[in-house]
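Q: What follows is the residue order along each chain.
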Amino acid sequence: MLEIRGLVARVEGRTILDGLDLVVPSGELHAVMGPNGGGKSTLARAIAGHPAVEVSGSIRWNGDELVGLAPEERAWKGVFLGFQAPVEIPGVPNSTFLKAAYNAQRRARGEPEVDAMDFLVRMRRAAAAVGVPEALIHRSVNEGFSGGERKRNEVLQYALLDPNLAVFDELDSGLDVDALRALAGVVRASLRPDRSVLVITHYTRLLDALEPHRVHVLAGGRIAESGTRELAERVEASGYAGVGA
Amino acid sequence: MVADVGLPGQRSEGWRLSAPRRLFDALAAFGWAAPGMDDVEGPVSPGFDALNAWLATSGETPGAVAVRRRSVVAADGARVERQLEGPRVDVVHIDVPAGATVDLVDVFRGEAPAFVRVQADIGKGATVRWHGAGLGTGHVRVEVVARVGERATFATRWAALAGPGARYDVQVEAHHVGARSVSDLLVRGVVCPRGNSTVVASVRVPEQVPGCDARQHLAHLLLGEGAIAAVEPRLDIQCDEVACTHGATVGALDEESRFFLRSRGLTDAAASELLVDGFVREVLQPSAVDEAAAWLVKHVRGRS
Numbered sequence: 001m002l003e004i005r006g007l008v009a010r011v012e013g014r015t016i017l018d019g020l021d022l023v024v025p026s027g028e029l030h031a032v033m034g035p036n037g038g039g040k041s042t043l044a045r046a047i048a049g050h051p052a053v054e055v056s057g058s059i060r061w062n063g064d065e066l067v068g069l070a071p072e073e074r075a076w077k078g079v080f081l082g083f084q085a086p087v088e089i090p091g092v093p094n095s096t097f098l099k100a101a102y103n104a105q106r107r108a109r110g111e112p113e114v115d116a117m118d119f120l121v122r123m124r125r126a127a128a129a130v131g132v133p134e135a136l137i138h139r140s141v142n143e144g145f146s147g148g149e150r151k152r153n154e155v156l157q158y159a160l161l162d163p164n165l166a167v168f169d170e171l172d173s174g175l176d177v178d179a180l181r182a183l184a185g186v187v188r189a190s191l192r193p194d195r196s197v198l199v200i201t202h203y204t205r206l207l208d209a210l211e212p213h214r215v216h217v218l219a220g221g222r223i224a225e226s227g228t229r230e231l232a233e234r235v236e237a238s239g240y241a242g243v244g245a
Numbered sequence: 001m002v003a004d005v006g007l008p009g010q011r012s013e014g015w016r017l018s019a020p021r022r023l024f025d026a027l028a029a030f031g032w033a034a035p036g037m038d039d040v041e042g043p044v045s046p047g048f049d050a051l052n053a054w055l056a057t058s059g060e061t062p063g064a065v066a067v068r069r070r071s072v073v074a075a076d077g078a079r080v081e082r083q084l085e086g087p088r089v090d091v092v093h094i095d096v097p098a099g100a101t102v103d104l105v106d107v108f109r110g111e112a113p114a115f116v117r118v119q120a121d122i123g124k125g126a127t128v129r130w131h132g133a134g135l136g137t138g139h140v141r142v143e144v145v146a147r148v149g150e151r152a153t154f155a156t157r158w159a160a161l162a163g164p165g166a167r168y169d170v171q172v173e174a175h176h177v178g179a180r181s182v183s184d185l186l187v188r189g190v191v192c193p194r195g196n197s198t199v200v201a202s203v204r205v206p207e208q209v210p211g212c213d214a215r216q217h218l219a220h221l222l223l224g225e226g227a228i229a230a231v232e233p234r235l236d237i238q239c240d241e242v243a244c245t246h247g248a249t250v251g252a253l254d255e256e257s258r259f260f261l262r263s264r265g266l267t268d269a270a271a272s273e274l275l276v277d278g279f280v281r282e283v284l285q286p287s288a289v290d291e292a293a294a295w296l297v298k299h300v301r302g303r304s
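Listed in order, the protein sequences are those of chains A and B.
Count the first sequence with our numbering and you get residues 1 to 245, in order.
Count the second sequence with our numbering and you get residues 1 to 304, in order.
Simulated from the structure, these hints should not be mistaken for lab results.
There may be inaccurate statements among the hints.
Listed next, the stretches of chain B that the computed footprint assigns to chain A, with coverage defined by at least 3 CB atoms under 8 Å from CB atoms of chain A [what the hints assert, rightly or not]:
hint, region
1, 204-216
2, 276-288
Residues of chain A placed beyond 10 Å of chain B at every Cβ, according to the derived structure [what the hints assert, rightly or not]:
hint, residue
3, Glu54
4, Ser95
5, Phe97
6, Ala116
7, Arg139
8, Gly147
9, Glu149
10, Arg229
11, Gly239
Straight line, CA to CA, 25 Å or less: simulated SDA-like cross-link-like pairs of lysine to any residue [stated by the list, open to error]:
hint, chain 1, residue 1, chain 2, residue 2
12, A, Lys99, A, Met117
13, A, Lys99, B, Asp277
14, B, Lys124, B, Cys244
15, A, Lys99, B, Ser71
16, A, Lys99, B, Glu255
17, A, Lys99, B, Val289
18, B, Lys298, B, Ala230
19, A, Lys77, A, Pro25
20, A, Lys99, B, Thr267
21, B, Lys298, B, Glu282
22, B, Lys124, B, Glu232
23, A, Lys77, A, Val114
24, A, Lys99, B, Ala269
25, B, Lys298, A, Ser95
26, B, Lys124, B, Arg88
27, B, Lys298, B, Leu135
28, B, Lys298, B, Gly251
29, B, Lys298, A, Arg107
30, B, Lys298, A, Glu73
31, B, Lys298, A, Pro25
32, B, Lys124, B, Glu241
33, A, Lys99, B, Asp95
34, A, Lys77, A, Glu54
35, A, Lys77, B, Glu255
36, A, Lys99, B, Asp268
37, A, Lys77, B, Ala269
38, A, Lys99, B, Asp240
39, A, Lys99, A, Ala237
40, A, Lys77, B, Thr267
Note that the Cβ used here is the ideal one computed from N, Cα and C, for glycine as well.
Whole structure, please, built from the sequences with the hints as guidance.
A: If you want it as structure tokens, here you go:
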């Protein structure tokens, strides 16, 4: 279970999140919506441990405190952030990066590393499940990728690294309707009893495919209102002005 | 033998950055005693111009430093790979016949100082590819000068891995003397604290030489305070009909990229190493990859 209590997050001295509380039980998929500049991406970065986000309060994953841990230590505990705008890493083949990440997590968990051939089999299996063409696996990480290819690559990393807590920051940006449905379907189908998924989005069209258990509206640095799919429809109909305490 | 076209800037900013006095003193420590090298201080110092003039006329080998002078006509398909360790002074003139393709690979190692000058006269439709890699810790001055003939191509790739104490001073000049000639320069430098990498890249296109294509991309990564990189593209374009692009960057490792990799489980050291490896790999020759990897483990992974 992801349990966030009294989270205060500052970026460059400015308070973005101000006492945010949020709980995502294991086995559930929740969505966070909110106006631009409301702190949605800061929430995602705070969970993943971005060094530029100063935090106080508590972020617990299955009882373990994440605040104070390095980003890689959170990853070793099964935390995954799907980036809104994945970076390009010229000169580093996707397969090299994926293998390094995969084995780094296995090492940290005390599991034996997999060799190149074994990894290739696993990577190809994950790529097929997500719909990533073989060519993208061997190109430099995200270099020259379209917006949709970058998001597919994020979901490939998710499928391969197999985290228990996933936060997707605007999974839908840069995707056409078909790609959105396909990737949302992969994420929805990945739910399992020991996994929590938090999806950040502006649009209800993503929620149509994800069918979240709960929807939260983040405004003014806090969760202003939580509810079911009906809350998202209300936002879609009348905007954020009528939402919240 | 080709004409010495010289390099601009040795009397101004390039001269200051190149620090010929330091190189000559470093060579002197190994017994270098070339005449005429004493007056290299001050804003109008002859510096490397004097050294090149002396090398062009003198038959002497002063002191204990080996001075090598060669003038060769390259055969089509020739590939010459040199493992260069100082102390040495090395000047080679290469005539590349029309239509020929020649690969030159220079890998610099060791702690001792070196001065290496490669001068190529590239005939009509010929191609010269020069790949250099600096993997040592000494003071190295490299001058690569090419006269690029009609429809000829001059491609250069330089990777400098400047650890503490290393000083790489590279001057590349593409002098387009033939119409529709191409020059393409790609530089990647990685500099540790107390390391130094200087690149001055010049392109000359005279008025009467149309249709040329000149490209430069010069990039350096600084791995901490006290790392020094000076990158200077120089374009002397007299012809209106020319395609010329250039870019020069000096900066630290990208923080967002580091965070991205760390969020996937790589330690900060491993993330930095992967980023630097990707940065330089494009310009490394296969023969230098293993050594570069060892350098990265020592200077990038080891520092984090």
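Q: Could you run down the list of hints and mark each one as holding or not?
A: Going through the hints against the structure:
As drawn, the region 204-216 of chain B meets chain A at 0 residues by the rule of a beta-carbon pair under 8 Å; below three, the given contact is violated. Under the rule that three or more residues need a Cβ within less than 8 Å of chain A, the assignment of the region 276-288 of chain B holds, with 6 such residues. No Cβ of chain B comes within 10 Å of the Cβ of glutamate 54(A); the nearest lies about 14 Å off, and the non-interface call holds. Residue-level check passed: serine 95(A) sits 13 Å from the nearest beta carbon of chain B, beyond 10 Å.
With a least beta-carbon separation of about 7 Å from chain B, phenylalanine 97(A) fails to lie farther than 10 Å from that chain, contradicting its non-interface assignment. The beta carbon of alanine 116(A) sits about 16 Å from the closest Cβ of chain B, which is more than 10 Å, so the claim that it is off the interface holds. The Cβ of arginine 139(A) lies farther than 10 Å from every Cβ of chain B, with a closest approach of about 12 Å, so its non-interface assignment holds. At roughly 16 Å from the closest C-beta of chain B, the C-beta of glycine 147(A) stays outside 10 Å, upholding its exclusion from the interface.
The Cβ of glutamate 149(A) sits about 16 Å from the closest Cβ of chain B, beyond the 10 Å cut-off, so the non-interface label holds. A cut-off of 10 Å between C-beta atoms confirms that arginine 229(A) is not in contact with chain B; the least separation is 30 Å. Distance check on glycine 239(A): its Cβ is at least 31 Å (rounded) from any Cβ of chain B, clearing the 10 Å threshold; non-interface status holds. Of the supplied pair hints, the one linking lysine 99(A) and methionine 117(A) holds, its CA atoms being roughly 11 Å apart against a limit of 25 Å.
A distance of roughly 15 Å separates the Cα atoms of lysine 99(A) and aspartate 277(B); the hinted pair therefore holds under the 25 Å criterion. With a C-alpha separation of about 20 Å, the suggested pair lysine 124(B) and cysteine 244(B) falls inside the 25 Å cut-off, and the hint holds. A hinted pair counts as satisfied when its Cα atoms are at most 25 Å apart, and lysine 99(A) with serine 71(B) does not qualify at roughly 48 Å. A distance of roughly 21 Å separates the Cα atoms of lysine 99(A) and glutamate 255(B); the hinted pair therefore holds under the 25 Å criterion.
Annotation: proposed proximity of lysine 99(A) to valine 289(B) holds, straight-line Cα distance about 19 Å (limit 25 Å). Between lysine 298(B) and alanine 230(B), the direct Cα distance comes to roughly 24 Å. Compliance with the 25 Å bound is thereby established for this hinted pair. As the CA atoms of lysine 77(A) and proline 25(A) are separated by approximately 16 Å, the hinted pair is consistent with the 25 Å bound. A C-alpha spacing of about 14 Å is found between lysine 99(A) and threonine 267(B), which places the hinted pair at or below 25 Å, so the restraint holds.
Of the supplied pair hints, the one linking lysine 298(B) and glutamate 282(B) holds, its CA atoms being roughly 20 Å apart against a limit of 25 Å. A C-alpha spacing of about 29 Å is found between lysine 124(B) and glutamate 232(B), which places the hinted pair above 25 Å, so the restraint is violated. Restraint check for lysine 77(A) and valine 114(A): the C-alpha separation of about 19 Å stays at or below 25 Å, so the hint holds. Taken as a hint, the lysine 99(A) and alanine 269(B) pair is honoured in the structure, with Cα atoms around 16 Å apart against an allowance of 25 Å.
This hinted pair checks out: lysine 298(B) and serine 95(A) have alpha carbons roughly 24 Å apart, not beyond 25 Å. For the hint linking lysine 124(B) to arginine 88(B), the alpha-carbon distance of about 32 Å lies beyond 25 Å, and the restraint is violated. Between the alpha carbons of lysine 298(B) and leucine 135(B) the distance comes to roughly 12 Å, so the proposed pair stays at or under 25 Å and holds. Straight-line distance between C-alpha atoms of lysine 298(B) and glycine 251(B) comes to about 21 Å, which keeps the hinted pair within the 25 Å bound.
Taken as a hint, the lysine 298(B) and arginine 107(A) pair is honoured in the structure, with Cα atoms around 21 Å apart against an allowance of 25 Å. A threshold of 25 Å between alpha carbons decides the hint, and for lysine 298(B) with glutamate 73(A) the separation of about 24 Å falls inside it, so the pair holds. The straight-line distance between the Cα atoms of lysine 298(B) and proline 25(A) is roughly 44 Å, outside the 25 Å bound, and the hint therefore fails. For a cut-off of 25 Å, the pair hint linking lysine 124(B) to glutamate 241(B) stands: about 19 Å separates their Cα positions.
For the suggested pair lysine 99(A) and aspartate 95(B), the alpha carbons sit about 46 Å apart, so the restraint of at most 25 Å is broken. For the hint pairing lysine 77(A) with glutamate 54(A), the CA-to-CA distance comes to about 20 Å; that is within 25 Å, so the pair holds. Distance hint between lysine 77(A) and glutamate 255(B) is fulfilled; the C-alpha atoms sit about 22 Å from each other, no more than 25 Å. The straight-line distance between the Cα atoms of lysine 99(A) and aspartate 268(B) is roughly 16 Å, inside the 25 Å bound, and the hint therefore holds.
Of the pairs offered as hints, the one joining lysine 77(A) and alanine 269(B) holds, with about 19 Å between alpha carbons and a cut-off of 25 Å not exceeded. Using a Cα cut-off of 25 Å, the hinted pair lysine 99(A) and aspartate 240(B) is violated, with the two alpha carbons roughly 50 Å apart. At most 25 Å may separate the alpha-carbon atoms for a hinted pair to count; lysine 99(A) and alanine 237(A) exceed this at roughly 45 Å. With a C-alpha separation of about 14 Å, the suggested pair lysine 77(A) and threonine 267(B) falls inside the 25 Å cut-off, and the hint holds.
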